[in-house]
Structures are given as structure tokens and as C-alpha cells.
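Asker: Going line by line, the protein sequences match chains A and B. Going by full-length UniProt numbering, the first sequence opens with residue 1, and the numbers climb by one from there. Going by full-length UniProt numbering, the second sequence opens with residue 1, and the numbers climb by one from there.
If you're looking for bench data, these hints aren't it; they were derived computationally from the structure. There could be a bad hint or two in this list.
Heads up, the list lumps identical chains together, so a pair's fine if it works in one copy or across two of them.
Claimed, not checked - Here are the computed lysine-lysine pairs in the BS3-like style, where the Cα-Cα straight-line distance is at most 30 Å:
#, residue 1, residue 2
1, K247, K62
2, K247, K177
3, K43, K62
4, K43, K60
5, K60, K247
6, K177, K33
7, K216, K33
8, K43, K247
9, K137, K103
10, K60, K177
11, K177, K43
12, K216, K177
13, K62, K177
14, K43, K216
15, K247, K42
16, K62, K33
17, K62, K216
Number of protein chains: 2
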Amino acid sequence: MSSSPYPARQLLLLSNSTLHPGGYLEYAQGYIKDFLGRSAVKKVLFVPFALRDHQGYTDKVKAALGPWGFQVEGLHDFADKCQAVNSAQAIFIGGGNTFQLLKGLYDFQVLEAIRSRVLDHGIPYMGSSAGTNVSTKSIHTTNDMPIVFPPSFEALNLVPFNINPHYLDTDPNSTHKGETREERIRQYQQVPGVPPVVALREGSLLEVTGDHAILKGQLEALLFRGDAEPRSYPTGTDFGFLFQELKAQ
Amino acid sequence: MSSSPYPARQLLLLSNSTLHPGGYLEYAQGYIKDFLGRSAVKKVLFVPFALRDHQGYTDKVKAALGPWGFQVEGLHDFADKCQAVNSAQAIFIGGGNTFQLLKGLYDFQVLEAIRSRVLDHGIPYMGSSAGTNVSTKSIHTTNDMPIVFPPSFEALNLVPFNINPHYLDTDPNSTHKGETREERIRQYQQVPGVPPVVALREGSLLEVTGDHAILKGQLEALLFRGDAEPRSYPTGTDFGFLFQELKAQ
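Excised from the complex, chain A in its bound form:
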């Protein structure tokens, strides 16, 4: 029934890892257990490049996923990183600084291996925040500061659109004159040839299965496309129509 070129694709793309007032990944516990459990995952390969303390970050993820029954290994621990990706049961890329993360993926030359493992071999991919940014076509809609220079903004392209994580509504009482998030994304949409942007508020996520991309969480998501006003979509929306549209271009 699927017209997807990637029927095996399984992605859990979280807007954020921590949701006020809970602990790290706590709000997403149910989604994560379901998502990884469905593929009988026992061991997760964690990519800690978005922060500089790779071991400390990996330990934090171990402390969160361990009690839920998942073993965690840090990609930084493997001498042959492509081999580690190629034998992974599941991959989780955590948040931090998106530029640092993407530069790490380029420096260690693991982008193609991850892409193939996820799209062709169908292993589950989980991203949060910066890990969600790099799962999309490019990092053009990250909120992060460009603290390092990656060789490109093109990313894993596991989905052919962009996501803006941690989407923040404009505060009508603010006197600050920096651009609002909406203004920033609309400036991006003025650049010729760029794909649409799905803006995920904190606590929201997309669960992608083949050519379906279901919005989960409590809040609506916004779709920014060209000059049009951003359009709001409720929980349960299947953004899979974007796969069809972008394929047709």
C-alpha cells in the first residue's frame, strides 16, 4: 500500500528532551518505550556530538534509558564509527548545539552510514532537539548559535522538509526587538527553493513510519510554507502529505 521509497523508515523526532517540570526524557517515556519496543530493540547507539563532554552526556542517557530496559553505547567510544553504525540496532542523536553536532557527523564521516542504516535497513532513529534538526533535510531552521563552522548545512535528510524544534510563540508583551521565531522562519521561507518547515512546540514530536508522519503530544504544530500564513495542525495530523508533495517536485 505504501508509495514511500523508504517503507522501512522509522523515526521518533522529539522537539525537546526535557519538558518543564519533568526530568530528562521523562515526558517522552511512553513514546520511546513503544517506539523502540516495537522493533525489539535491546541496545541503543547514542551519538553525543552535540555537547563537548561525550562521556558525561552518554552517561546521562544511560541513566535515563537504562531503567526502561535499554542498553546504551556512545558512538565516541568506537574506533570504527561506521562499523558501529552499521551494526547498531537503533540510533539516538541527542540535543545540544546543532552546528557542533553536524560538524561531528561530517568529521567522523558517518552521515551516509546512518542514512543508509535508517532508510534502507529500517533501524529505529530517535532524535531530540539538535538530533531532530540533523535528521531533516538541513539545519537551516535550528535555533542554535553557530559556534563552529560545519562544511555544509545539509544534514541526514531522513525527511525532506525542515523542523523547527522548541517552537516558541511570540510574546505579545515583549519589548525585545530581536526577531521573533515566526519572523525568523518566515525569513527562511523567503529564500528561493527551500522546503516547508514543521514547527514543533516543546512536548511535541513526529512519529514517522514509512510515508506517514504523525504529530504526537498535547499541542498543535505549525506548518510554514512560502509566503502563506503559518497553518496550525492538531495532534494526530499525518504530515505524510509533505512526502508526496516534495517527491513530486
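Could you slot chain B onto chain A? The hints should help.
Answerer: Just chain B now, kept in the frame of chain A:
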């Protein structure tokens, strides 16, 4: 008396162009008139690349600076852009998207011409927001979304440190889990070999004359350096000590 390699340097680096509740450049009127008047400037070359509507943006600047007695020309209007820079009396680079602006400067190959005109020939340079970011060593501390990919983050290097414009203090009541501005700049300071960051709140500016860099405006500025806690400096501070420090390295 000056030990500066650039005794003729004259820069007015504004954190922002609009300050609540005033109009465009209104809060900075006195500073701008003094700064340009000192060099008997009659005509300003405006660089509108940070926004896509170059003519509309230039018209806006004309409407602001015209009544104060300054003619404004847009760099986009000149076929030979280096020649326009080389014959300019003063240069103003406006805000918008820093990535778009820097890419424009690279695309039109005017970085070296601007740098030489300002540092060697001493014509006044005025920047606001993104125009202040590109006046520094690099754009690593912009707040903007990376909507286009410039060939480098290295910028005009009219000053050898970084500036964070529109600096925003952490809101202790926020439940948002995206990084605070302070966290972002501190992540930058963890990258080996990067220069210090002067964080300018809205309404603040640096006036650079040779090897002096005086903080003006109503508010204190923060200096981020390495792992140290950011340090606060009052209006009137001369950040020229950074020129000495960075030269010594």
C-alpha cells in the same frame, strides 16, 4: 600615543536599530549625528544585504538619516561595488539576517575593500545588529537563524573579538527548555581558541576610536571569556584592553 595598528579606526557598533518604544534608529540619533558629524560626512553608503528587499530597506534608511542631514546610497545600486566602497565617505551596514548579510558580502567580494577603507583609510563604519556581528572577527555569536550557507563564518574583523547583540537576560520564570542566551555564549566559549564575547543589551553600543572601545547607552555590558563567569561592565568602560590582550596572543 596610540599603540593601535589602526589609529584611524572609527566604528559605531549598535546592538540594535530599534529600541522600544521608539522608531527606527531614533534612540541612537545623538550618537549617529556626533559620530558622522565628526568626520564631516555628507553621504553614507548603506549595505542592505541582511534583508532581501534591498531597495525597500535602503528607502527606510534614507527616511531615517535624510532628516538628520545625511544622503544615503544603497550598495546594491552600484554595478562596481568595490569602487563604491572605495569612494565612500562612510559605511553603514544594517541588521536583518546575519547569514544572508555575510553571504552577500562574500558573493559581491567586498569584504577586503570595506576592511581596508575602514582600517587603513579611517572612514567611519556604523553597524547595527547583524551589521555589528559582521564587523567583528566572525559571526559565531549571532542570534540569527542560518537561513543561507555563507562560505565562512569569518567576517570583517574590524575588531578582533566577538559581539553578541540584542543580549537578553535569562528570565527566571521561563519554563522554556531551549538554551538561554548565556548558555549559548558559554557553549561558544568552550570551543578552543575563540576570542572573548562582549554582550550588548538593546540600547547599548560600542564606539571604537583607534584602540579605544567605549561602552555607551544606559545599561551594563557583559564580557564572556573562557570558563569564567560573565563579568559586568558599566557604561563608559573602555574595552580597548581587549585589543591589547588579543594582539599579545
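Asker: Tell me the hint numbers this structure goes against, listed in increasing order.
Answerer: 1, 2, 5, 8 and 15
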